[in-house]
Structure formats: structure tokens, C-alpha cells
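J.: Residues per chain, in single letters:
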Amino acid sequence: MSTASVLPVSVSSTARIRISRDDITLRSGLVLLITLLVIAVVFPLYSLLSKSFEDMDGEFVGLQNFREYFETPALFTSITNSLGVAISVALIVLVLAFIYAYALTRTKMPLRGLFRGIALIPILAPSLLAAISLIYWFGNQGVLKSWLLGASIYGPIGVIMASCFWVFPHALMILITALSTADARLYEAAEALRTPKWRVFWTVTLPGAKYGILSTGFIVFTLVITDFGVPKVIGGRFNVLATDVYKQVVGQQNFEMGAVVSLVLLLPAVVAFIADRWVQRKQVALLSARAVPFQPKADPVRDWLLFAFCAIIAFIFIAMLAMAAYASFVTFWPYNLSLSLKNYDFDVMDGGGWEAYYNSIRLAIYCAVFGSGLIFLGSYLVEKVRGIMWLRNILHLSAMLPLAVPGLVLGIAYIFFFNHPNNPLGFLYGTMGILVICTITHFYTVSHLTCLTALKQLDPEFEAVAISLKTPVWRTFGKVTLPVCLPALLDVGSYLFLNAMTTVSAVVFLYSPETMLASVAVLNMDDAGDIAPAAAMAMMIVYTSAFFRILHAIFSNYLKRRTQIWRSQ
Amino acid sequence: MPESKQTYLHIENLTKYFGDFVAVSNLSLKIFSGEFICFLGPSGCGKTTLLRAIAGLDPQSSGNITQDDKVISNIPPSERDFGIVFQSYALFPNLTVFQNVAYGLENQRMPKDEIRKRVLDLLELVGMPEHTEKYPAQLSGGEQQRVALSRALATSPGLLLLDEPLSALDARVRAALRQEIRSLHERLGVTTILVTHDQEEALSMADRIVVMNHGRIEQVGTPEEIYSTPASPFVADFIGVMNFMQGEIFSSGTVHIGENSITCETGNTKDGHKVRLTIRPEDILCHANSSSDQSDGTNSFPVKVESLEFLGSFCRLILSGKEGFGMLKADLSTQQVHELKVTQGTRLTVEFPSRNLRIFPEIS
Chain A
1 MSTASVLPVS
11 VSSTARIRIS
21 RDDITLRSGL
31 VLLITLLVIA
41 VVFPLYSLLS
51 KSFEDMDGEF
61 VGLQNFREYF
71 ETPALFTSIT
81 NSLGVAISVA
91 LIVLVLAFIY
101 AYALTRTKMP
111 LRGLFRGIAL
121 IPILAPSLLA
131 AISLIYWFGN
141 QGVLKSWLLG
151 ASIYGPIGVI
161 MASCFWVFPH
171 ALMILITALS
181 TADARLYEAA
191 EALRTPKWRV
201 FWTVTLPGAK
211 YGILSTGFIV
221 FTLVITDFGV
231 PKVIGGRFNV
241 LATDVYKQVV
251 GQQNFEMGAV
261 VSLVLLLPAV
271 VAFIADRWVQ
281 RKQVALLSAR
291 AVPFQPKADP
301 VRDWLLFAFC
311 AIIAFIFIAM
321 LAMAAYASFV
331 TFWPYNLSLS
341 LKNYDFDVMD
351 GGGWEAYYNS
361 IRLAIYCAVF
371 GSGLIFLGSY
381 LVEKVRGIMW
391 LRNILHLSAM
401 LPLAVPGLVL
411 GIAYIFFFNH
421 PNNPLGFLYG
431 TMGILVICTI
441 THFYTVSHLT
451 CLTALKQLDP
461 EFEAVAISLK
471 TPVWRTFGKV
481 TLPVCLPALL
491 DVGSYLFLNA
501 MTTVSAVVFL
511 YSPETMLASV
521 AVLNMDDAGD
531 IAPAAAMAMM
541 IVYTSAFFRI
551 LHAIFSNYLK
561 RRTQIWRSQ
Chain B
1 MPESKQTYLH
11 IENLTKYFGD
21 FVAVSNLSLK
31 IFSGEFICFL
41 GPSGCGKTTL
51 LRAIAGLDPQ
61 SSGNITQDDK
71 VISNIPPSER
81 DFGIVFQSYA
91 LFPNLTVFQN
101 VAYGLENQRM
111 PKDEIRKRVL
121 DLLELVGMPE
131 HTEKYPAQLS
141 GGEQQRVALS
151 RALATSPGLL
161 LLDEPLSALD
171 ARVRAALRQE
181 IRSLHERLGV
191 TTILVTHDQE
201 EALSMADRIV
211 VMNHGRIEQV
221 GTPEEIYSTP
231 ASPFVADFIG
241 VMNFMQGEIF
251 SSGTVHIGEN
261 SITCETGNTK
271 DGHKVRLTIR
281 PEDILCHANS
291 SSDQSDGTNS
301 FPVKVESLEF
311 LGSFCRLILS
321 GKEGFGMLKA
331 DLSTQQVHEL
341 KVTQGTRLTV
351 EFPSRNLRIF
361 PEIS
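Respectively, the protein sequence lines represent chains A and B. Residues 1 to 569 in the numbering used here are what the first sequence lists, from first letter to last. Residues 1 to 364 in the numbering used here are what the second sequence lists, from first letter to last.
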């Protein structure tokens with residue numbers, strides 16, 4: 001029966017129940033959110049698709065643009081370049097992050113908390129920061145240029161190195177989750193059977209983390225292939241799909257070709273997305289509720305070996321950040337190494353000045369506030385409305401869609417959709433509004449899933465009880481659901497804030513002179529050769545993100561302590 | 001108790017599909033005012049589905065429900081009159097015990113001091129007046145379920161629905177709470193439906209039991225009726241322990257099992273019809289093996305003790321006998337076991353008293 005009661009209400013039901021006022025409110029909410037998501041994701045993607053079949057005058061030309069694209073050898077090599085870089089980074093990061101995550105979760109290695117914190121640093125910075133830092137280390141005037149033995153950092157080497165840096169935390173977080181959910185009973189059974197340690201690793205640890213590893217591979221691959229900040233800054237003449245899109249659209253104003261390249265870029269992202277979803281579904285049943293959490297035991301040799309490994313990685317991470325920070329204060333690299341704030345005097349430089357920085361903060365706050373509210377509401381409707389399964393499924397699918405769309409593609413799709421002369425929403429074009437919409441949409445899915453997870457932990461019968469007590473649904477939402485889910489809501493807000501601060505990919509196509517953003521300013525100043533101010537602006541983003549992160553941690557802790565009394569078992 | 005026999009809840013031809021699966025199939029039932037009813041059955045039998053249809057939480061696919069002379073099957077759950085308690089308690093974790101119980105009252109715009117009085121009365125009623133400011137996580141399972149119960153009763157609903165309320169509790173707490181719910185019901189007289197898969201719970205608490213299987217009602221009756229005169233082999237098997245023997249009607253009043261002839265009431269089942277003959281383990285009488293092998297009494301047969309299981313106040317013997325009997329279970333008081341000196345391998349004579357034998361025609 002318990003299985004029967006979770007199934008959807010049959011469509012074949014003949015009896016009609018009059019719907020209550022609450023039901024009407026909730027269903028209207030569902031329809032409203034679906035409409036918003038359709039406008040924010042589906043329509044723009046449709047515009048993009050139709051644009052790729054048109055010529056410059058808007059005439060339908062079928063596959064003409066695609067033919068042209070694949071016949072241009074320079075553009076075609078970008079595909080192999082992109083794939084090569086993305087696969088290399090995925091493999092390198094997978095190995096490094098797995099060992100790192102293993103050390104953090106399965107050993108008694110000292111300073112685990114510190115190592116974890118250091119590895120998450122890149123999240124605070126735009127992907128460009130890594131590339132800028134590498135230029136200072138290994139570039140033409142870099143301090144360690146000789147270490148490359150004559151090879152140039154401007155090209156695949158630089159792109160791969162910088163990409164490894166900024167995607168590392170993303171990989172690490174998934175792998176930590178995958179490795180934390182171990183069932184101690186399996187290890188006890190293996191030990192009781194006198195299994196050698198390496199065999200336990202191959203037969204228990206690795207299979208247990210299998211789906212996490214696959215998922216990581218897909219996500220890293222997608223992040224790298226769709227990122228254009230890093231190849232833009234350090235790629236030199238090494239072209240990849242993402243930079244092609246940027247060049248076609250921003251450089252040559254060839255929107256049709258830009259649309260074609262975007263679609264080519266969308267393909268691997270969609271494949272990775274589907275594969276990842278498939279993997280995630282497989283993972284669900286892996287850990288039963290009865291599992292006993294795994295408690296690692298000390299093993300000095302292993303622990304210290306892993307400590308050395310983590311120390312090296314952590315050192316590199318700090319070196320990357322420190323170089324950018326140092327360079328941002330150097331008056332004139334490499335001739336005048338005295339420290340000054342000259343590079344932070346953004347107002348005397350091209351790139352938007354301090355206004356760009358304030359715009360970024362504004363964007364981040366809007367995204368955090370409106371985004372988390374809207375997304376939480378959406379996930380609540382998906383999870384808690386009774387009946388009309390099909391409508392809830394549509395909302396859930398719409399919420400999952402943005403994950404498959406690279407920011408770059410979303411940005412271009414927004415140009416086509418919102419800049420279309422017949423679009424009544426055209427007034428948004430060039431405003432802060434479109435940047436907020438685009439950024440919330442871009443990061444919608446992960447936030448949606450976070451809220452959904454939190455909501456799923458609530459007893460599904462809360463709503464039934466509230467109904468039996470004749471309480472309107474909004475009262476239970478406000479008095480119970482929201483307070484209990486507040487930590488998750490704060491996480492989502494913080495996630496949106498950080499991403500809004502650091503993102504480049506989508507917004508680079510949508511900003512106007514009045515809405516210049518800090519992350520875009522980094523890109524533009526680097527482009528103009530002002531690499532030190534670019535480093536300074538990137539560091540401003542890091543300081544701000546770090547400050548916000550600390551604020552979030554303090555508040556979360558306070559909340560945790562205050563509500564501990566009812567959260568304790 | 002239903003002396004007046006006034007119908008309070010009337011379910012007519014209720015059917016509920018989940019996709020292609022029929023969870024409740026064309027079910028009709030009358031529940032009387034003030035009655036304590038148990039829906040009893042194995043998991044998947046449709047008992048919870050039926051309860052949720054009554055509440056309107058999972059509306060029926062077709063059929064009618066009338067509560068207190070008002071058709072309720074087409075109105076939303078928020079307009080129906082019921083209180084509900086779940087297996088998971090579903091207490092709001094961020095609200096105190098007091099706030100939980102007051103939750104429904106606050107919505108009725110009741111004055112504050114009246115709410116206070118009502119909540120304290122209710123908590124007193126369920127025997128936990130001192131925990132008002134605690135949070136659910138600080139209470140034991142049994143205490144949480146008491147709070148859930150008083151929350152459901154706070155708004156004085158006409159119908160109390162209990163969805164496996166005791167299943168998550170350990171045995172001792174469960175037994176205590178069983179009695180308390182029962183006496184609470186006797187004091188308040190609210191019509192109550194309890195869903196359970198635990199037959200002991202149903203037998204000890206219910207005025208009437210509705211035994212369900214595959215979305216249908218197998219039998220409705222008082223606990224005594226259900227136990228002593230099961231209406232179907234399913235009920236016979238599901239409630240308590242039952243011995244089943246395959247046989248055939250030989251003539252009116254006589255059933256053949258293999259080569260053995262057994263005398264019992266055969267009703268109007270036709271000669272030659274295949275039947276299942278049933279008897280409860282405690283109804284089988286055991287005697288010391290008489291020296292004359294072929295026994296003298298009717299329905300008496302020699303058996304051998306294959307094993308015996310000590311179950312506290314009594315012992316359950318597993319007996320092998322003549323062909324067709326299969327393995328029989330017979331319950332003997334510990335004292336009898338000593339008197340008959342029963343051990344593994346002991347040979348005994350069993351007797352099946354005719355009045356305790358029931359037959360069920362085999363449906364071909």
C-alpha cells in the first residue's frame with residue numbers, strides 16, 4: 001500500500017473533486033512558474049535554433065549555415081581542440097580530485113578541514129583569474145617561464161592548466177559526496193573475509209563511488225568545453241568552440257554563424273547532461289537507509305603520503321591565488337615591483353571602472369534574493385502540490401533544462417530572443433533586468449535540486465495534517481516549510497551570489513555600457529592589455545565572494561545553533 | 001458502541017485506480033456513529049488507499065462517500081471533517097508541543113486563553129501535561145504519537161483517522177498506547193477508523209474489523225466473529241494461525257482427507273466437491289497414544305511430534321500424521337506438554353472436535 005499511495009492519481013479517474021481555493025492558488029503558481037521558465041529558457045533556445053537556419057536578412061536558408069561552418073577548416077579544428085582540451089582536463093581533474101577527495105573522506109590525514117577549504121578557493125574567483133595568474137607565472141614575462149622548457153603557456157598547455165584549477169572544486173564536491181556515503185558494513189564484511197586493502201579499494205570503494213566518478217567526468221567535461229574565459233585570456237591562437245562563438249558574435253557581428261557554433265557547442269553539453277541524469281538515477285538505490293556510516297581508521301603511511309599529495313595541490317592553489325593578488329598590487333610588472341594600489345584605480349581605465357564592480361554586487365544581490373525565492377517556490381510547487389502530476393512534471397523538466405544549456409549559448413539565445421523587434425519584452429534588453437533573469441536561469445537547476453532535496457526531507461504528510469486542521473496552505477508554508485528549509489535556502493542564495501559575481505559566459509553578450517560587470521571588466525581589461533588591472537578586478541571579486549562566504553557561514557552557524565534544539569534527534 | 005446503529009459514514013461502490021492497478025475495487029461499507037473500526041489487511045490490500053479516499057487526500061476514481069448525511073466524495077479535503085494521525089507522527093519539527101496542538105485552533109480565531117485551556121486539556125487527556133514547551137525531537141516515539149493524537153483531536157473532528165499510528169513504536173509502548181487510544185475513544189465517542197496490518201492490534205481495539213485483500217472486503221465483523229467464523233480461507237489464514245487440509249465432500253456431514261473420513265458440518269456443499277478443511281491449533285485436542293492403534297473416537301488420528309516450539313505460556317507442536325494432513329500445528333499448554341511427556345518423536349493421538357472444523361469449498 002505504501003507503494004500504491006505514492007503513485008500519481010490516475011488519469012482515468014472518473015469522479016471529479018471540486019478543487020479548493022488553496023488548490024487554485026497552487027495551480028496558478030505552477031502555471032506562472034512554467035510560463036516564466038518557458039520565457040527564460042525555451043523561447044530563447046527556439047530563437048537560437050531558428051536563427052541558425054536563417055541568412056543575414058532573416059530568410060530561411062535551411063542547412064546552408066551549417067554547411068558553411070563545416071567547410072571552414074579553421075572553425076572545424078576548434079571542435080577537435082575543444083574536445084581534446086575538455087577530455088584532457090576531465091581525466092586529469094578526475095584523478096587528482098579523486099585522490100584529494102579520498103584523502104579528505106577516507107583517512108585520518110591531519111588538516112583535512114584546511115585542505116578542503118583551500119581546494120574550494122577557485123569557486124570564489126572567475127575562471128579568468130587562473131589564466132591571468134598563469135600568465136604571471138609562466139607568461140612572456142613570467143617568473144617561472146623557463147620551467148616550460150621553451151613551450152608557450154599561451155595555448156593548450158595554459159588552457160588545460162587554468163581549466164584544471166577552476167573546475168577542481170566542482171569535481172571535488174561531487175566526489176566528496178560520493179565517497180562520504182559509504183556503508184561501513186561492506187568494509188567490515190570485507191575485512192572479516194581477510195580481503196587485502198588494494199582489493200577492498202577495487203571491489204568496494206571504487207564501485208561505490210562509480211556513479212559519482214562518472215558524473216564528475218561529465219560535469220567537468222561540460223564546464224570546460226563551454227567555458228570561454230580561460231581560452232580567451234590564455235589560449236593565444238589556439239581556437240576552441242567557445243571562443244569561436246564570441247568572435248563570431250562580438251567580433252564579426254555574424255549572428256547566424258554564432259548561432260550555428262552555439263548549437264554545435266550545445267550538442268556535447270546536452271549529451272553530457274543526459275548521461276549525467278542517467279547516472280544519477282542509477283545512483284539512488286545504492287545506499288539504503290540502514291547503512292552504517294563509515295568511520296576511517298588511521299594508517300600513518302597512507303595518511304602521510306596523501307598529506308604530501310594534498311599539500312602539493314594546496315600549495316599550487318595558493319600559489320595561483322597569491323600570484324594574482326601580488327600582481328594586482330605591483331606598480332608596473334616586471335620593471336617596478338614596488339607595491340601600490342594603482343591597479344585598483346579602475347575609474348581611470350577602460351573597462352567600466354568601479355561602477356562595474358558595484359553593478360556586479362547589485363546583480364549578485366538581486367539574483368540571491370529574487371532567485372532563491374523564486375526557485376524555492378518552484379521546487380515547493382513541484383514537490384508539495386497534490387495531484388496534477390503532469391503539470392508538476394512539466395515544471396520540473398523546465399527547471400532541469402538550464403543545466404543542459406551552456407551559459408554562452410544561453411547568452412546568445414537571449415540576444416536573439418529579447419532583441420527581436422517584435423518581442424514585447426524587448427525593453428529588458430540592455431538593462432540590469434535581463435542580466436538578473438539570465439543569471440538566475442543559468443544557475444537555476446542546481447538551486448532547484450538543492451531546494452528539492454531539502455523539501456524531500458520533510459514529512460510528506462505535513463500538508464495532509466494541515467488540511468485536516470483546516471489550515472490554509474500558505475500558513476503551513478510560512479510557519480513550517482520555510483523555517484525548516486531555511487538553511488537550504490541560504491545555501492541557494494549564497495550559490496547564486498557567488499556565481500553572479502564570477503560568471504562571464506552568459507552575461508558577456510548582454511551587458512550594456514550602463515550595466516558593465518566586474519567579471520566582464522576583467523575580460524575587457526585583459527583584452528586591452530591591462531592585465532594588472534584585470535588581476536586587480538578579479539581579486540576584488542575574490543575578496544567580495546570570500547567576505548560574503550564568511551558572512552554566510554557565520555549566519556548559517558548562528559541559525560544552526562538557534563534551531564539545534566529541534567533539529568537534534 | 002453502536003447501540004443506536006446510526007450510519008455515520010457510508011461508502012458506496014468505491015473504486016480507486018493507480019494507473020492500471022486497482023487499489024480499491026467497487027467497495028461498499030457502512031460505519032456507524034461512534035464506532036471504532038479497523039481496516040485490516042496485508043500491505044497492498046488497499047486499506048490506506050481507502051482511508052486516504054475518505055479523507056480526500058487521494059480522491060477515489062469512482063464511487064460515493066457520505067459522511068453525516070452529507071456527500072463528501074466530491075469536495076476537497078480541506079472542507080471535510082476529519083482529524084488524522086500518521087505512522088510518522090508528522091509533527092511540525094520547528095514548533096513546540098503546545099504550538100503543534102494549537103496549530104488547528106489558532107486558525108479558528110479562538111481567543112488565546114481559550115486555546116491555552118483547550119491545548120492543556122488535550123495534553124492532559126493523552127497523559128502528557130508537562131511537556132508543552134518541548135520540541136518533537138526531544139520526545140520519545142510514544143510521546144510524539146500522543147501529541148499527534150491530541151493535535152488531531154484539538155479541532156473536535158467528527159471522524160478520527162489513524163493510519164498505522166502504532167507501527168513505528170516498539171512492542172511495549174505499542175501495547176500501552178493501544179489501550180489508551182481505546183479508552184480515549186470510549187471517553188470521547190468519536191467515530192474512529194484505524195488502519196493496521198497488525199491483527200493483534202485490530203482484535204484488541206476494534207468494535208468491528210474490516211478485513212481487506214486485493215482492494216476488496218473479505219469480511220466485516222466483530223473481532224470474535226472474524227476469529228471464530230472466518231468467512232474465507234484468506235481471513236482464516238490471515239487472522240491467527242490455521243491448519244489447512246485438502247479434502248473432498250464424501251457425503252453430507254463427512255469429508256474425506258486421503259483415506260481418512262472426518263465428521264463435520266458440511267452445509268450445502270455438494271458431494272464430491274473439493275474443499276479445504278480448517279482447524280485452529282488451539283482447537284486440536286491431544287491425547288496420549290492409546291495402545292489400540294486405530295482410535296476409538298471420531299475424528300481421532302495417530303500422529304508423531306516432529307518438533308516443538310516453546311512460546312512461553314504454551315508450546316506449538318508440529319505434527320506429522322496420515323497422508324493428506326500435511327504438517328499440523330497444535331498448541332498445548334506447557335502443563336499438558338509435561339503431562340503427556342511430549343518430546344520430539346513422541347507419538348500422540350489428536351482429535352478434531354467437529355464444532356471447531358470449518359470447510360471452505362475450493363474455487364476451481
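One should not assume that every hint holds.
Said to hold, decoys possible - What follows is a list of derived Cβ distance ranges for each label pair:
#	chain 1	residue 1	chain 2	residue 2	range
1	A	Arg475	B	Lys70	51 to 59 Å
2	A	Gly113	B	Ser25	39 to 47 Å
3	A	Gly113	B	His131	48 to 56 Å
4	B	Val241	A	Pro460	56 to 64 Å
Stated by the list, open to error - Distance condition first, Cα-Cα at most 30 Å in a straight line; then the derived DSS-like pairs of lysine-lysine:
#	chain 1	residue 1	chain 2	residue 2
5	B	Lys117	B	Lys134
6	A	Lys479	B	Lys341
7	B	Lys322	B	Lys341
8	B	Lys70	A	Lys470
9	A	Lys470	B	Lys112
10	A	Lys479	B	Lys30
11	A	Lys470	B	Lys117
12	B	Lys134	A	Lys470
Calculated from the structure, these hints are not laboratory results. For every residue, glycine included, the Cβ atom is placed at its ideal position computed from N, Cα and C.
J.: None of the hints should be skipped; say for each whether it holds.
T.: These are the hints, each one checked on the structure:
1. Here the CB-CB span from Arg475/A to Lys70/B is close to 26 Å, at odds with the stated 51 to 59 Å.
2. Against the hinted window of 39 to 47 Å, the Cβ-Cβ separation of Gly113/A and Ser25/B comes to about 59 Å, which falls outside the hint.
3. For the pair Gly113/A and His131/B, the beta carbons lie near 38 Å from each other, so the given range of 48 to 56 Å is not met.
4. Distance hint check for Val241/B and Pro460/A: the Cβ-Cβ separation is about 36 Å, which falls outside the suggested range of 56 to 64 Å.
5. With a CA separation close to 18 Å, the supplied pair Lys117/B and Lys134/B stays within the 30 Å bound.
6. Using a Cα cut-off of 30 Å, the hinted pair Lys479/A and Lys341/B is violated, with the two alpha carbons roughly 67 Å apart.
7. About 22 Å separates the Cα atoms of Lys322/B and Lys341/B, which keeps this hinted pair within 30 Å; it holds.
8. Between Lys70/B and Lys470/A the CA atoms are separated by roughly 18 Å; this keeps the pair inside 30 Å, and the hint holds.
9. Taking the CA atoms of Lys470/A and Lys112/B, the gap is about 18 Å. The hint holds against a cut of 30 Å.
10. With a C-alpha separation of about 38 Å, the suggested pair Lys479/A and Lys30/B falls outside the 30 Å cut-off, and the hint is violated.
11. A hinted pair counts as satisfied when its Cα atoms are at most 30 Å apart, and Lys470/A with Lys117/B qualifies at roughly 20 Å.
12. Between Lys134/B and Lys470/A the CA atoms are separated by roughly 24 Å; this keeps the pair inside 30 Å, and the hint holds.
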